[in-house]
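K.L.:
The listed protein sequences correspond, in order, to chains A and B.
Mapping to my numbering: the first sequence position 18 is 18, numbers consecutive.
Mapping to my numbering: the second sequence position 62 is 62, numbers consecutive.
Hints were generated in silico from the structure; no laboratory data involved.
Even glycine gets a Cβ: it sits at the ideal position worked out from N, Cα and C.
Some hints could be false.
Unchecked claim - When the alpha-carbon atoms are kept at most 35 angstroms apart in a straight line, the in silico DSBU-like pairs for lysine-lysine are as follows:
#1 B/LYS56 with A/LYS57
#2 A/LYS13 with B/LYS70
#3 B/LYS70 with B/LYS56
#4 B/LYS57 with A/LYS57
#5 B/LYS70 with B/LYS59
#6 A/LYS57 with A/LYS13
#7 B/LYS70 with B/LYS57
Claimed, not checked - From chain A, some residues computed to sit far from chain B (all C-beta separations above 10 angstroms):
#8 THR14
#9 VAL19
#10 LEU43
Stated by the list, open to error - Stretch by stretch, here's where chain A covers chain B in the computed footprint (C-beta under 8 angstroms, at least three residues):
#11 30 to 43
#12 102 to 112
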Amino acid sequence: KAGVTQTPRYLIKTRGQQVTLSCSPISGHRSVSWYQQTPGQGLQFLFEYFSETQRNKGNFPGRFSGRQFSNSRSEMNVSTLELGDSALYLCASSRIGGGGGSYEQYFGPGTRLTVT
Amino acid sequence: TQLLEQSPQFLSIQEGENLTVYCNSSSVFSSLQWYRQEPGEGPVLLVTVVTGGEVKKLKRLTFQFGDARKDSSLHITAAQPGDTGLYLCAGEAETSGSRLTFGEGTQLTVNP
Chain A
1 KAGVTQTPRY LIKTRGQQVT LSCSPISGHR SVSWYQQTPG QGLQFLFEYF SETQRNKGNF
61 PGRFSGRQFS NSRSEMNVST LELGDSALYL CASSRIGGGG GSYEQYFGPG TRLTVT
Chain B
1 TQLLEQSPQF LSIQEGENLT VYCNSSSVFS SLQWYRQEPG EGPVLLVTVV TGGEVKKLKR
61 LTFQFGDARK DSSLHITAAQ PGDTGLYLCA GEAETSGSRL TFGEGTQLTV NP
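Next up, chain A with everything else stripped away, as it sits in the complex (with noise of 0.2 angstroms):
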């Protein structure tokens, strides 16, 4: 069974512009979340998609937004990037929702964001 993809795996941008992360979830996982990883702050939880819908939300920005399609595929668009944007993005897919230890979840190898 093919992991999680990402794409594209390293991205450089410029201050203002704006940028869109693409993820591939292992089939029959219906749960997307997103997460940035930088040496400072650690894994931090940006949004979790399940079934096309928002179920949970970090405490990000506005300018940090997801969606998820029918086939689970999903997106995240970050607007107006700012130096502090500049992290590693990683996808992870689960195949159920959270609750009673059921939440396990499989790593996308993520993608590079450098914004200059």
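Let chain A serve as the given structure and place chain B on it in line with the hints.
P.N.:
This is chain B only, laid out in the frame that chain A set:
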């Protein structure tokens, strides 16, 4: 607010040594997971513990979930260079719904 605290933050040991990594919180978790991440890759799930007091073994790795489900530990016996990586604990808090909270990680280096 960091709900999960990992210690130590960095650990550099020689091959063959034993080590323990700790993950502590004041929150109760319905489950707790351990991941290992290597440079340039996403975290890989190692184990999930669900029941208070649960102990799981994965070859040379032993994972324990605290009785109160607020803390966990990872013990590695006879560490090998291949164990090098960033070890992350992640908890699914009972009140957080469908989200995981990650600790900041323990960077382990095993020197040959």
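K.L.:
All hints are to be evaluated individually against the structure, with a verdict given for each.
P.N.:
Hint by hint, here is what the structure shows:
1. Between the alpha carbons of B/LYS56 and A/LYS57 the distance comes to roughly 31 angstroms, so the proposed pair stays at or under 35 angstroms and holds.
2. A hinted pair counts as satisfied when its Cα atoms are at most 35 angstroms apart, and A/LYS13 with B/LYS70 does not qualify at roughly 41 angstroms.
3. At roughly 17 angstroms between alpha-carbon atoms, B/LYS70 and B/LYS56 fall within 35 angstroms of each other, so this suggested pair holds.
4. Taken as a hint, the B/LYS57 and A/LYS57 pair is honoured in the structure, with Cα atoms around 34 angstroms apart against an allowance of 35 angstroms.
5. Only pairs whose Cα atoms come within 35 angstroms are accepted, and B/LYS70 paired with B/LYS59 is accepted, the gap being roughly 25 angstroms.
6. Between A/LYS57 and A/LYS13 the CA atoms are separated by roughly 25 angstroms; this keeps the pair inside 35 angstroms, and the hint holds.
7. For the given pair, B/LYS70 sits about 19 angstroms from B/LYS57 by alpha-carbon distance, which is consistent with the 35 angstroms threshold.
8. Listed as a non-interface residue, A/THR14 keeps its Cβ farther than 10 angstroms from every Cβ of chain B; the least gap is roughly 24 angstroms.
9. Taking the minimum C-beta to C-beta distance to chain B, about 19 angstroms, the non-interface status of A/VAL19 holds against the 10 angstroms cut.
10. For A/LEU43, the requirement that its beta carbon stay farther than 10 angstroms from each beta carbon of chain B is not met, with the minimum near 4 angstroms.
11. As drawn, the stretch 30 to 43 of chain B meets chain A at 8 residues by the rule of a beta-carbon pair under 8 angstroms; at three or more, the given contact holds.
12. Coverage of the stretch 102 to 112 of chain B by chain A holds in this model, with 4 residues showing a Cβ closer than 8 angstroms to a Cβ of that chain against a need of three.
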